[in-house]
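Colleague: Model the full assembly from the supplied sequences, consistent with the hints where possible.
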Amino acid sequence: MRIALFITCFNDTLFPEVGQATVAILERLGHTVDFPEAQTCCGQMHYNTGYQREALPLVRHFVDVFADADVVVAPSASCVGMVRDMYPRAAELTGDSGLAVQVKVIIPRVYELTELLVNRLGVTDVGAYYPHRVTYHSTCHSLRVLHIGDAPLQLLRAVRGIDLVELPGASECCGFGGTFAVKNADTSMAMLGDKLRAVLDTQAEVCTAADTSCLMHIGGALHRQRAGVRTRHIAEILASTEVAR
Amino acid sequence: MTSSKPLPLFPAAAKAALADTQLRRNLGVATSTIRAKRARVVAELPDWEDLRAAGNASKAEVMRHLDAYLVQLEAAVQSAGGQVYWARDAAEANAIVTALVRAEGAGEVVKVKSLTTDEIKLNDALAAAGITAHETDLAELIIQLAHDTPSHILVPAIHKNRAEIRELFLRTIARRQELSDRPADLAGAARTYLRRTFLRARVAISGANFAIAETGAIGVVESEGNGRMCLTLPQTLITIMGIEKIIPTWEDLGVFLQLLPRSSTAERMNPYTSIWTGVTPGDGPQAFHLILLDNGRTRVLADDVGRQALYCIRCSACLNSCPVYSRTGGHAYGSVYPGPIGAILTPQLQGVENATSLPYASSLCGACYEVCPVRINIPEVLVHLRGAVVRQQQRRLAGRLAPEAVAMTLLARTFASPWRYERAQRLGWLCQQVFTRDGVISRLPGPLSGWTTMRDLKPAPRQSFRAWWRTRQGPMAI
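Chains as they are written, first to last, in my numbering: chain E, 1 to 245; chain H, 1 to 478.
For the record, the hints were derived by calculation from the structure and aren't laboratory data.
With a Cα cut of at most 25 Å, we get these calculated DSS-like pairs of lysine-lysine:
#: 1; chain 1: H; residue 1: Lys-15; chain 2: E; residue 2: Lys-183
#: 2; chain 1: H; residue 1: Lys-15; chain 2: H; residue 2: Lys-5
#: 3; chain 1: H; residue 1: Lys-458; chain 2: E; residue 2: Lys-183
Anything over 10 Å on all C-beta distances counts as not near chain H; from chain E, calculated:
#: 4; residue: Asp-70
#: 5; residue: Asp-96
#: 6; residue: Ser-97
#: 7; residue: Gly-98
#: 8; residue: Gly-127
#: 9; residue: Pro-131
#: 10; residue: Arg-157
#: 11; residue: Ile-162
#: 12; residue: Gln-203
#: 13; residue: Gly-228
#: 14; residue: Thr-241
#: 15; residue: Val-243
Just so we're clear, the structure is a prediction, and the values are computed from it rather than from any experiment. For every residue, glycine included, the Cβ atom is placed at its ideal position computed from N, Cα and C.
Modeller: Now the structure itself:
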């Protein structure tokens with residue numbers, strides 16, 4: 001299958017290894033990855049912060065860039081959530097009925113990575129090997145916007161060598177929330193504090209999720225505290241193999 | 001509409017609340033307990049999602065034809081022997097109530113717990129007219145005795161624990177008495193105090209959970225029986241309801257009486273459901289006055305995205321589920337409607353210009369939407385209202401020149417062009433060197449310092465994904 005990768009601006013700039021891992025998984029499964037280089041940003045930060053007018057050109061740009069793709073994948077639940085949840089209203093705001101139709105057509109083709117693997121491609125064992133104690137944080141957008149359920153856990157359970165341990169209160173928000181983490185830094189920190197306690201309670205060495213942004217939030221605090229726990233995007237775990245180590 | 005003043009900013013109010021360790025403990029215990037109980041009783045109903053859909057549909061229907069339903073309700077109440085009044089805002093509503101109480105020659109009233117009367121500050125208005133209002137709901141009584149304000153829709157004194165309530169009672173209604181902090185003993189002390197008031201009062205004031213347009217029946221649900229006392233003992237009953245509380249028929253009530261108790265108190269059924277239709281000779285109050293309050297609601301109704309906030313049945317499930325509310329408590333929201341529902345209702349009722357920080361008092365985690373019994377898409381309305389806040393600020397030059405607005409405009413321009421985007425990536429990589437020490441960014445200036453007070457930041461690597469992709473595929477692949 002030809003799969004177009006929407007890397008997301010965040011991963012492109014800050015966490016290229018997540019994109020590399022995504023490419024590695026998909027190619028290992030025999031798929032062809034396209035990377036339309038004109039892609040930039042889905043507009044989530046602007047849209048959710050109230051700069052909806054400013055986000056509209058980005059919505060249009062995304063739709064144009066991926067217009068010819070049959071399947072689009074992004075290693076980010078929140079960016080896919082933006083497309084699926086907010087693009088219809090955004091298109092409505094432009095008053096452009098053509099864009100509204102384009103959005104309607106593209107939405108069912110855009111997948112979050114674990115959703116694509118489990119629900120569309122029907123794969124749970126991607127041939128990964130990861131001999132570490134891992135806990136999984138189900139991010140808000142994975143859970144409550146995309147409803148990907150236990151797809152990430154099905155994938156993780158099939159990883160060889162993994163010691164997967166349940167995160168207490170996994171469904172609770174880590175306190176990131178995009179610009180919320182800066183605008184309401186104190187509340188965000190209070191939420192993050194509880195998330196860190198839960199992560200540390202698991203004795204895991206790695207905390208994983210389907211969103212790099214939440215992981216940057218959790219991981220940034222773990223690093224500051226020298227807590228001895230690292231964060232890894234689920235794609236990085238799924239891309240790991242015995243040979244590669 | 002009330003003459004609204006700008007509310008205190010949420011981040012500052014939250015900062016103070018978050019530092020109160022006793023509050024954090026009280027709230028954390030209370031909200032996690034009720035969350036778990038709600039989840040249990042909701043799971044018992046296999047048709048829960050259908051009920052939510054039905055509740056949502058019923059409310060949507062009412063909002064579409066609110067004008068007709070209101071007139072229908074008015075006629076039904078009048079034909080059942082009640083009087084109906086229309087109040088444009090808080091001042092009008094308070095004036096009507098004050099005049100009605102005075103006409104009865106009463107110097108005091110008993111009250112059923114009512115958020116609507118809190119919204120219009122009725123107790124203050126009555127006090128100014130020399131009329132004493134007695135709150136009879138246990139938690140409202142606690143708030144009144146402590147000269148405090150409610151911090152939760154359903155459990156107004158959720159921020160206080162038993163020990164604190166015991167001390168309050170010993171200072172006020174149970175002076176020189178033996179009193180433990182057992183809930184039964186505390187309730188007993190309140191009951192003894194309230195009983196005398198119930199028997200004495202000639203006028204009662206209530207809100208309404210539901211008003212059935214078809215028959216003019218008004219319903220109040222409660223747990224303590226204080227409402228039943230107020231609604232049956234006094235000779236005169238005055239009910240103040242927001243115009244959105246209408247439901248079309250008794251059949252709709254069947255849906256809401258399943259949705260509300262499970263969502264609010266996590267009970268299968270609430271202990272007391274009082275429903276009355278106008279006046280019944282020889283039984284209960286012989287004079288019934290219904291005040292229909294707008295106070296900004298028609299403006300909410302006019303907003304096609306925001307209007308769903310009017311579907312709210314005041315269950316408080318969104319508060320209990322909210323990771324923000326369950327840490328900051330209700331006072332930080334500066335309004336009688338705290339939590340997620342308050343964050344979308346208050347700015348709409350009082351004007352976004354008076355509550356610019358409330359739509360941002362959420363991480364958009366979606367827990368509120370997931371539990372809302374009438375499926376109010378709270379995150380959608382929050383984002384919609386953030387848009388209104390930004391548009392409002394951009395109307396002024398100072399707003400357009402604010403650092404955030406400038407940054408957002410520049411970033412949007414950058415993201416709109418792949419070429420500018422890539423150039424910005426390289427520029428960003430260069431600029432971050434100023435803040436990077438030993439491979440980590442631990443201090444950022446200005447508003448971004450909010451991030452680095454608790455979190456390190458990994459600097460962007462030299463090679464972006466797209467740069468790596470090119471090395472891999474060669475320039476021919478572009």
